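There are 2 protein chains.
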Amino acid sequence: MVLIDAAPHTERMAQSVLLTGAAGRVGTAILGGLSDDYEWRLLDRDPPTGDQPGEFVVADITDGEAVREAMEGIDVVIHLAGDPRPEAPWNSVLTNNIDGTQTVFEAAVDAGVEKVAFASSNHAVGNYETEERTPEMYRAHDDYLLDGTELPRPSNLYGVSKAAGETLGRYYHDEYDLSVVCVRIGNLTEGHPPIDYERGQAMWLSYRDCAHLFDRCIQADYDYEIVYGISDNDRKYYSLERARDVLDYDPQDNSAHYDGDERVLEPDA
Amino acid sequence: MVLIDAAPHTERMAQSVLLTGAAGRVGTAILGGLSDDYEWRLLDRDPPTGDQPGEFVVADITDGEAVREAMEGIDVVIHLAGDPRPEAPWNSVLTNNIDGTQTVFEAAVDAGVEKVAFASSNHAVGNYETEERTPEMYRAHDDYLLDGTELPRPSNLYGVSKAAGETLGRYYHDEYDLSVVCVRIGNLTEGHPPIDYERGQAMWLSYRDCAHLFDRCIQADYDYEIVYGISDNDRKYYSLERARDVLDYDPQDNSAHYDGDERVLEPDA
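Line by line, the protein sequences are chains G and R. Throughout the first sequence, residue numbering follows the UniProt record's numbering, covering 1 to 269 in sequence. Throughout the second sequence, residue numbering follows the UniProt record's numbering, covering 1 to 269 in sequence.
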């Protein structure tokens, strides 16, 4: 027998990716950029409102049985599900964010998943923004920089829950050799960066940079990482070094290239 | 009017200290050394078996109402209550250790408590003890040292819960100006250090050093601290620098001064 068609062997099989919290804002940005690139299984407690790629599982992240079933045949998990409100009360983040994330890591290990990208948050380190440092740290000339090696310093109980999720990831990596990347997501907005909000401009994440960053979380090889998920903003006080070095993240956007809601085609130096 | 008896003003009033998990091993060591020094309110889910100083509250740490009541008139809280088993299942540490600790911090802030000393654990950083580093790191000649600025790296879900408690402490300090010290307790044994167990000898904490350390947590002034709770062991891989500098901790014991279960009066150099 002569093999005359090698295409099925040379063409890379699309990876199966489970996206929890798919209907949220981060999920929307990811699917906006990557819907055709992977075999998607989307999970959300709310049913889809429009056309979605792949399969859709309607389930709450605290439903262990449903989460375990959703892991079957999955290569990579992007775990976004949880209560996204910075002002969420303790009981909600304890259940949805801390317990929910443990459920995801445990199920991922049991199912033989290779990688989990966990949506952490800038709120896990929000209290580094002390009165003494702000607003100067939000400005381009200031060189204060967090790089992901600092201890958590949450600005709310939501941030506490995200830091706990990062620590769970560390444990599941160390114990079970699961690749885990925690992405401390900044201020994600569609279109232009936040207006008249220096902090938001400093940690802006554009939709296309968001999709690209999670694409790199699916593709890259890593052990355990904490990275910052922001665009390449002049105003940034989060280092992009680990995201660039480990994930090959190459952001295209910068909040400084906008004036109000207008894109400035020739950015100022 | 002439003040002729200044004694009530110069003699320091004993501080009121709430000790949660009072019936456990750490509580026993603390009360063994400090029972006469403070106005104690002891809280445990198990009623006392012997004579105890002060008041005793029988309550579970997850009983928010009981914890809030127990905070009344308290200056300092030593929070030990929780599931102490390194192999404890997730649901237990989620409820007893993570949720229980949030209940304690929240109630402490509401009651106007000044300081909380939180019993964290060596298990919060147990996975720094990698195959490559052990057993060398347990030996006196090895200079590997954790100092409390490193990110958590738990060796079990119990350790994850202790790291989450530390992060809660950071939050309650930053937001409410509560003084918080997290003590990563090593291997506490009464009498002599563990025999034929290098790791235990490296992180040994004697009963008298334990009582003295928590005495310093009651007395010293601090903002937010993570310290290691061990004796001054030759084998140590945990730094005592922050405990010495911030708390004025001055440990008297060293596991190297024992040979088997015998105290060596003239320690080897």
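None of these hints come from the bench; they were simulated from the model. Since we're looking at a predicted model, the values are computed, not measured. Some hints here could point you the wrong way.
What the hints assert, rightly or not - Quick list of the computed label-pair ranges, beta carbon to beta carbon:
no., chain 1, residue 1, chain 2, residue 2, range
1, R, 194, G, 252, 36 to 42 Å
2, G, 56, R, 140, 58 to 64 Å
3, R, 110, G, 25, 33 to 39 Å
4, G, 223, R, 50, 47 to 53 Å
5, G, 48, R, 87, 37 to 43 Å
6, R, 60, G, 147, 21 to 27 Å
7, G, 25, R, 62, 45 to 51 Å
8, R, 139, G, 252, 22 to 28 Å
9, G, 92, R, 198, 43 to 49 Å
10, R, 55, G, 133, 55 to 61 Å
11, R, 234, G, 219, 25 to 31 Å
12, R, 131, G, 248, 26 to 32 Å
13, R, 114, G, 145, 49 to 55 Å
Beta carbons: idealized from backbone N, C-alpha and C, even for Gly.
Hints versus structure:
| no. | hint | result |
| --- | --- | --- |
| 1 | R:194 / G:252: 36 to 42 Å | 57 Å, violated |
| 2 | G:56 / R:140: 58 to 64 Å | 59 Å, holds |
| 3 | R:110 / G:25: 33 to 39 Å | 34 Å, holds |
| 4 | G:223 / R:50: 47 to 53 Å | 50 Å, holds |
| 5 | G:48 / R:87: 37 to 43 Å | 41 Å, holds |
| 6 | R:60 / G:147: 21 to 27 Å | 41 Å, violated |
| 7 | G:25 / R:62: 45 to 51 Å | 34 Å, violated |
| 8 | R:139 / G:252: 22 to 28 Å | 51 Å, violated |
| 9 | G:92 / R:198: 43 to 49 Å | 44 Å, holds |
| 10 | R:55 / G:133: 55 to 61 Å | 44 Å, violated |
| 11 | R:234 / G:219: 25 to 31 Å | 48 Å, violated |
| 12 | R:131 / G:248: 26 to 32 Å | 29 Å, holds |
| 13 | R:114 / G:145: 49 to 55 Å | 34 Å, violated |
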